[in-house]
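J.: Residues per chain are reported as follows:
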Amino acid sequence: MSGAVEIRALRVERGGREVLHGVSLDVEPGRVTGLLGPSGSGKSTLIRSVVGVQIVAGGEVSVLGLPAGSPALRPRIGYMTQEPAVYRDLTVRENLAYFGRIVGVGADRVEDIVERVGLAAERDQVVATLSGGQRARVSLGTALLNGPDLLVLDEPTVGLDPLLRRDLWDFFHELAEGGTTLLVSSHVMDEAARCDRLVLMRDGSLLAVATPDELRERTGVDELDAAFLRLVEQGGP
Amino acid sequence: MSLRATAATALRVLRQLRRDPRTIALIVVVPCVLIFLVDQLFADREQVFQQVGVPLLGLFPLVSMFLVTSITMLRERTSGTLERLLALPLAKLDLLLGYAVAFAVLAAVQGVVVSAVGFGLLDLEAASSTALIVLLAVANAVLGMALGLFLSAYARTEFQAVQFMPAFILPQILLCGLLVPRNQMAEWLQWIAALMPFTYAYDALSRAATESALDARFWLDVAVVVGVTVLALALGAATLRRRTP
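Residue numbers (the numbering used here), protein chains in the order written: chain A, 39 to 275; chain B, 4 to 248.
One or more hints might be untrue.
Unchecked claim - Coverage of chain B stretches by chain A, computed from C-beta distances (three or more under 8 Å per stretch; other residues unrestricted):
{"id": "1", "stretch": "80-87"}
{"id": "2", "stretch": "235-248"}
Stated by the list, open to error - Some but not every residue of chain A turned toward chain B, in silico, with C-beta under 7 Å:
{"id": "3", "residue": "Ile93"}
{"id": "4", "residue": "Arg112"}
{"id": "5", "residue": "Pro113"}
{"id": "6", "residue": "Glu132"}
Unchecked claim - Just the calculated beta-carbon pair ranges, DEER-fashion:
{"id": "7", "chain 1": "A", "residue 1": "Ser108", "chain 2": "B", "residue 2": "Met168", "range": "36 to 46 Å"}
{"id": "8", "chain 1": "A", "residue 1": "Ala158", "chain 2": "B", "residue 2": "Leu124", "range": "49 to 59 Å"}
{"id": "9", "chain 1": "B", "residue 1": "Val41", "chain 2": "A", "residue 2": "Val196", "range": "52 to 62 Å"}
Everything labelled a hint here was simulated from the structure, so no lab data went into it.
The beta carbon of each residue, even a glycine, is placed where N, CA and C say it ideally should be.
Assemble the whole structure, with the sequences as input and the hints as a guide.
T.: Put into structure tokens, the structure is as follows:
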């Protein structure tokens, strides 16, 4: 098996329009793969296809050797949606405890995760009273609970302060070193440098798949933001 | 199926309700006020109040749980938590049963309080037993929950979900026999009434209110209420899609 996730000629239609045009991609196991591209480029759709919640029009997606969406995969994937999918009228701890009971982890694990996502001080606060970034972290926490083999995170660091963002990226790498495969989307290019491998998307197609260094080399520019622009201007890799 | 997931879901829904004490107060207090209004309305016609009052006690939970569930479920769909839950190792049945248990608990509270007012303060009487009326009220609540859960799939917004009340519930209240005995209605209306779950919920309550020895007809009504509940839950489960466009 060459990838923890193997995508072949994936096509997805949403609202009568094709939004993914035959995407093929391998996600390496035990690495942090960044999915980057502007808003509307199809990142979330690709992520939803990997998790198996997206109806696809064609192609194949296999995850950890099984077709995406297989019931056997559900306990092995951690999924963080783009909009925080948490109950606004419950506290941080109540939210995590509920998802924890569904995936079968105990109260200790819930406490660990509360600390991990930096919400120890807010643990008994109702989610509706939290800031957007804090809410996103509750949502991230729910994805981490079961210690998944594959962690799929849709824009996990939006609206976070730089210090916290750094801590989370360090944590992602820690998880990857422990063998977890991470697929993380972002629309901010300054996060690209923190990924082991980059998947650049635009208009429902892949623009490039490379390590940050390869990308710099290929385009001859140092800044990944500028490298992305260069690729777009060149019309592909 | 997992008892753990069902219990966790029921607890979670109850916690959410507890955070909204005003809704709980409305669910419990409003039917008490309404039953008092009906009592006063028929102050000179005790017989009519007896006929209408007892079935009303058992129908309130159906209406309130229908509304509460359709809105709660709609929120679950639109907030993304449903997509999130269905991506987890959670059986749809566990989610639905969790909801059913939580709302049955709420309905039991409502049923007990409203019955206490009706039987205790307003001198309503049930020929069978008051406990049976409360039990029927809880069964009706679960029916209302199942219908609300199913129909919530057809509402995109909370405005639409609220409109299901006049569109779906009101005609059933009009035709179930509460206002006009069904055998006095035009025949085509009787046929429509026979297709509505409310009719059987009302019949069971009405029989429990007036007959001390309950016959097969009563149990048939109960069977229809339970059957429609199961059917609506199954249809509701079918609307919970793990994959969406």
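J.: Now tell me if each hint is right for this structure.
T.: Hint check:
1. 80-87: Holds, because 5 residues of the stretch 80-87 of chain B bring their Cβ atoms closer than 8 Å to Cβ atoms of chain A.
2. 235-248: Holds: 4 residues of the stretch 235-248 of chain B have a Cβ under 8 Å from chain A.
3. Ile93: It holds, given that the least Cβ distance between isoleucine 93 of chain A and chain B is near 5 Å, below 7 Å.
4. Arg112: holds (4 Å)
5. Pro113: holds (5 Å)
6. Glu132: At about 6 Å, which falls below the 7 Å cut-off, the nearest Cβ of chain B leaves the hint on glutamate 132 of chain A intact, so it holds.
7. A:Ser108 to B:Met168: 36 to 46 Å: 40 Å Cβ-Cβ, so the 36 to 46 Å window holds.
8. A:Ala158 to B:Leu124: 49 to 59 Å: At roughly 50 Å between Cβ atoms, leucine 124 of chain B and alanine 158 of chain A fall inside 49 to 59 Å, so the hint holds.
9. B:Val41 to A:Val196: 52 to 62 Å: Once the Cβ atoms are compared, 54 Å apart, the range 52 to 62 Å for valine 196 of chain A and valine 41 of chain B holds.
When held up to the earlier numbered hints, the structure conflicts with none and fits them all.
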